[in-house]
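J.: The primary structure of each chain is shown beneath.
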Amino acid sequence: MRKAVSRIRLQRLTRRFGSVTAVDAVSLDVADGEFLVLLGPSGCGKSTLLRMIAGLLAPTEGRVLLGDADITDVPPRRRDLAMVFQSYALYPHLSVARNIGFPLRARGWSRAAIREKVAEVAAALDLTELLDRRPRELSGGQRQRVALGRALVRDPGAFLMDEPLSNLDAALRAGTRAEISALHKRLGATVVYVTHDQVEAMTMATRIALLDKGRLEQVGTPAEVYDEPASVFVARFLGSPAMNLIDATVAATAAGLAARAREVELPLGIDAETPERPVVLGVRPEHLAIAGQGAEGGIRAVVEAVENLGSEEVAHCRAGEARVSVRGPRPLGLRDGDRVRLTARPEHLHLFDADSGRRLAWRPAPVTTPA
Amino acid sequence: MVTGAFVEVPPAAQAAGGAADAPPAGARSRAPWRALWRRAVRLAPPYLFLAPALVLLVVWTYRPLAQTFYLSFFSWNLVPDVPMVPVGTANYERLLTTPDLADSVGLTFVVIVAMLPFTLVLPVVVALLTRRVRGRAAAAYRALIFAPMLVAPVAGAAVWQWLLDPSAGIVNTLLGTGTNWLNSVDTSLWAIIAITGWHVAGFAVLVVSAGLTGINPDYAAAAQVDGASRGQITRWVTLPLLSPTLAFLLLMTVLLSAQWTFPLIDTLTQGGPVGSTTTVYYLLWEYGFRSHDAGLAAAAGVLFFAGFMLVASLLARISDRLSRYDD
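Which chain is which? The protein sequence lines are A and B, in order.
For the first sequence, the tail end lands on 379 under the numbering used here, and the numbers increase by one without skipping.
For the second sequence, the tail end lands on 374 under the numbering used here, and the numbers increase by one without skipping.
Hints in this document: simulated from the structure, not taken from any laboratory.
Any given hint might turn out to be false.
[Stated by the list, open to error] To give an idea of the chain A side of the interface with chain B (calculated C-beta under 8 Å), a few residues:
{"id": "1", "residue": "L89"}
{"id": "2", "residue": "F93"}
{"id": "3", "residue": "S95"}
{"id": "4", "residue": "P111"}
{"id": "5", "residue": "R115"}
{"id": "6", "residue": "R158"}
Predicted, not measured: the structure shown is a model, and the values here were computed from it.
The beta-carbon is built from N, C-alpha and C at its ideal position, and this holds for glycine as well.
Bound conformation, chain B alone (with noise of 0.2 Å):
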């Protein structure tokens, strides 16, 4: 009688035997600095790279800043054979008394909130609208609502001026009013807004119009056979997958209204009438360069360095919330 018993079949990695695996001696005898040398080639291409754009933004961005925070507890009036005198934090304790910072970051919050209907509300109506607009058409019309975007703001702004002007501008002669748009207090922040909307409506458009190319059509093809209508497609479908490009350019309004205004504030009003368009980018450069005070536009700079990273973080994590939408 024959007798046996089942053996498993090894898997064909053991079946091929591991006598391969071993290092072949005397691999690692060879002289280290060159292993080192080969490694470091190896490892350099990543950072070299990314060394242009570090070494920018090291001594354009990150050393200014660190040089402002060391400017904002010295009294120096920016002439350079007189010396730096260290004050302590007198210079933060001068900003928070003054009624001026108050005032100015009341006009800045004004501002952002202004420029929100250019930079999200009428780009959103304005790309659904003319989201069928194809071919060549569409690039005429994209080239023509972009187009105040590359007027320099300073050429701009004295356009405006010449427009604006309070016996023969044509604003005035249109609306048969004789205002004095930038000259008095309640209209001077008003203009620069409008100024400054016209300038940025264009861009936010085409970020809307990019943001909108973005979502995938058959959302839209699959809730028109659902049954929903046009403007129910647009409230529970486009706006809410919008949301990441929306958040952005909440962003951006918040960050950047008051350096978008400053050139216009600067050459419209200078601040003024009575302090009237003083934001606190312009209250921060009048600190500095009119007043010859660098501490204080300094401890100016650092404070408001601080106050727009908080909202910036803030919004960023909204942003990112909303992004997680895409899939």
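So that you can see chain A by itself, here it is in the shape it has in the complex (with noise of 0.2 Å):
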């Protein structure tokens, strides 16, 4: 039933308002049929970048191809692509079975044939009940399907969505989230996701693009994105809570390298040496673990705040000048005021330059025998 081909490709896709450059030279490829999560912070750009896709925004540079076809100046309607908009946009005037056949209308199809279609389409999203309905009348996830339903409703070759899921509550949204993931399975169709959600992100993507200030940052699997961040900004973004981050020095010890601050001392599990460098350590929280007061180096902290999450607790604790939260099951057994040692293990911790901001690895130098 399906087109063949749906790959996306964006080449050095640029967009300015002004002097603001909001894109800035993004390149990307969306393979067919994968469910590819643009994920940022508001103002990212994340957003221009799927009106760029869909063709509601020209690029100020750079080019879209959809398969192999180059459509940068293609008008939206000629696309061959449905988007879901954060408002859903649902023509208020219009029932819902109206909406949703909105597009084969545009299409020119005949009545009985939109009729069939919308019928199949509103049976597949349970909206049979409501298809005589205008948008006023719908609740918020209604609203949501219907939007859907418009984009489902005429097999297109990509769907773009806008923070679909940004107008629902919490309950609805993680049933929600489920629904269009198995969506996505079941129709194998391309589909290109807007959000600021870490969660949605990391629970949906096949695979997920950072973007900060116009720029990608990294793309990669959840898993990938979430386990070796390219920078600090992809460290600090993802995760909850965020990442501990540290102002460190690389520095060589009895036992190796370790990274140093003040009151920290945690080995990289590295025997080599190297130059001292200062550099950001970062270290999940829920990769810390509560060692022995007996135990050497780590992290000393003393514990500030303790949240309870319901199954786990959260330890805000403060180390020489920087702050570092440790994640684990509940009960912790820490209390405010409490002197605890914080150790973790050497592939959890990762380093970014301290400039850059980008991820060091290790790289052994060739060994280099005395003649």
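Hey, can you piece these two chains together into the complex? The hints should help.
T.: Structure, rendered in structure tokens:
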């Protein structure tokens, strides 16, 4: 039923508004059938990027390709893409049936064919009872489904979704998240999905593209971007509470290389020597373990507050100038004012360049044996 | 062996105990007038805020309305020392038997229908075409369109009289005709309508532009992605969503066309020639202040008021239904 190729390629796509660069030379390859999430804080350019893919906004530079066709200058109505808007943009004067049927009406389908197709889509989305209602008579979740139905009705080459869940309450959002994921699996369609919600990104995406200030920070599977953040921005953006980031120095010790700061000494598990260099040390709250008082090294911290998350607890601590949070099963057994020693396994430590914020990886130098 | 039973845990509010809810003894025995005064002071502000508007409405609208109704049952020539003679419904009978009334209602209907191109069609076309003008150009453009509205009708009339002059007027010079626009039965009403249209079209463009700005641009964007052409978007999305604005303009046109034309008729044609520009308001004015027949004028006023009221309520109901489109 579906068209064969709906791969979307962006080549150095750029959009400037006056002196502001909203999207800065973004190149991205969205494979056929992929669920790509554009993730970033508000103002990072993700919605601008999506609107350029949809054709609603002309790029200042760069190209958009759908399949093998260059669609940069093709008007939106000839692009074979469907879009779900954050506001849903359901036509308020039309019934649910006419809203869903709108794309077919624009394509000149016959009334009977439209009715048949709309009924099919409505049945799939559990909207059959609501076909005669106006959008204002629907709940938030129902409106969301109608918007989805309007996108589904014409079997488009790809789906574009602009924060489609942000107007739903928390319980409904979790359910709809699962529905959209299931829909994607069933249709095998290409989806480009914009959100600022890391939970949506982590749970739904086959790949996540993280944007910051119009630039692409990292593209990868949810596991990749979470486990190996490419920059301090990515490290800080994903995870709740955010990754602990401590200004530190890498130095050689008797036990190999270690990251050091005031009250901090964590071995990196690398038995080598390297000149001292300033870094940003990152470690996720769930990767910190509370060690016995006798242990050597680690982070010596004072507990400042303990948050109860129900199943888990987060302890917010201070170590030297740095703030460090620890996350673990409840109860952690910590109270305000407690002195703790925190350790982490070397593979859970992330190092970033102190200036550029990019991830640092260890490259052993070729062994030079003295002559 | 230890025995026991499960006991329901009481909700928090109940557990806290109910003693605090009881009012303290003796609170009600305070002086009742003081409580009343306090209540009055607390309730007064909204009415005080409403008072100026209410007073003006009563003094300038409702009182004259009631007086007109009262006056319509008397014969009086507006001279203060001459007594008002009660005549019952004679004024209404006279009014309904003269051909003047039907003629003026017919003319007013023509005026209203002929005004619609200026207040609905033209403004929608202009507003849609100029939607893409942005920034400073848009402001300058709007000022240009709105300018005629700022010209006092009487001043505008003086200039138009000069432009439409049968021998030296620029209109005849440009058209190469020798029509006596304002003084021939065939053209006088159309001249009045065209001048009024020139006068109010800018205002209507502004209203439509405001209506267009109020439409969420997401609808047009969604329609574009859904595959609609520009014409389809205008017909299927923009115009239906603009319908409350259009209904408002229709209401304005129906209710106010006769008023808009009045100063022009009074300065340019005085209802003539041969009554060809005597609309309902001009008829009323003629009865009252030309023939000094206050009773007849009042009766005409009452009838027109009732008629316009009926039309207005009908249109208001339609526009209400349209307005519910908005989410």
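J.: Holds or violated: is there a CB of chain B closer than 8 Å to the CB of L89(A)?
T.: Holds: closest Cβ of chain B sits about 7 Å from L89(A), inside 8 Å.
J.: Please verify that hint: P111(A), Cβ, nearest Cβ of chain B, below 8 Å or not.
T.: holds, 4 Å
J.: Is the shortest C-beta separation between R158(A) and chain B less than 8 Å?
T.: Hint on R158(A): holds, closest Cβ of chain B at ~7 Å, below 8 Å.
J.: With a cut-off of 8 Å, does the beta carbon of F93(A) approach a beta carbon of chain B closely enough for the hint to hold?
T.: With Cβ-Cβ at 5 Å, under 8 Å, it holds.
J.: Tell me if S95(A) is really an interface residue toward chain B, meaning its C-beta lies closer than 8 Å to one of theirs.
T.: holds, 5 Å
J.: Tell me if R115(A) is really an interface residue toward chain B, meaning its C-beta lies closer than 8 Å to one of theirs.
T.: For R115(A), the interface hint holds, since the closest Cβ of chain B sits about 6 Å away, which is under 8 Å.
The structure fails none of the hints (numbered hints given earlier).
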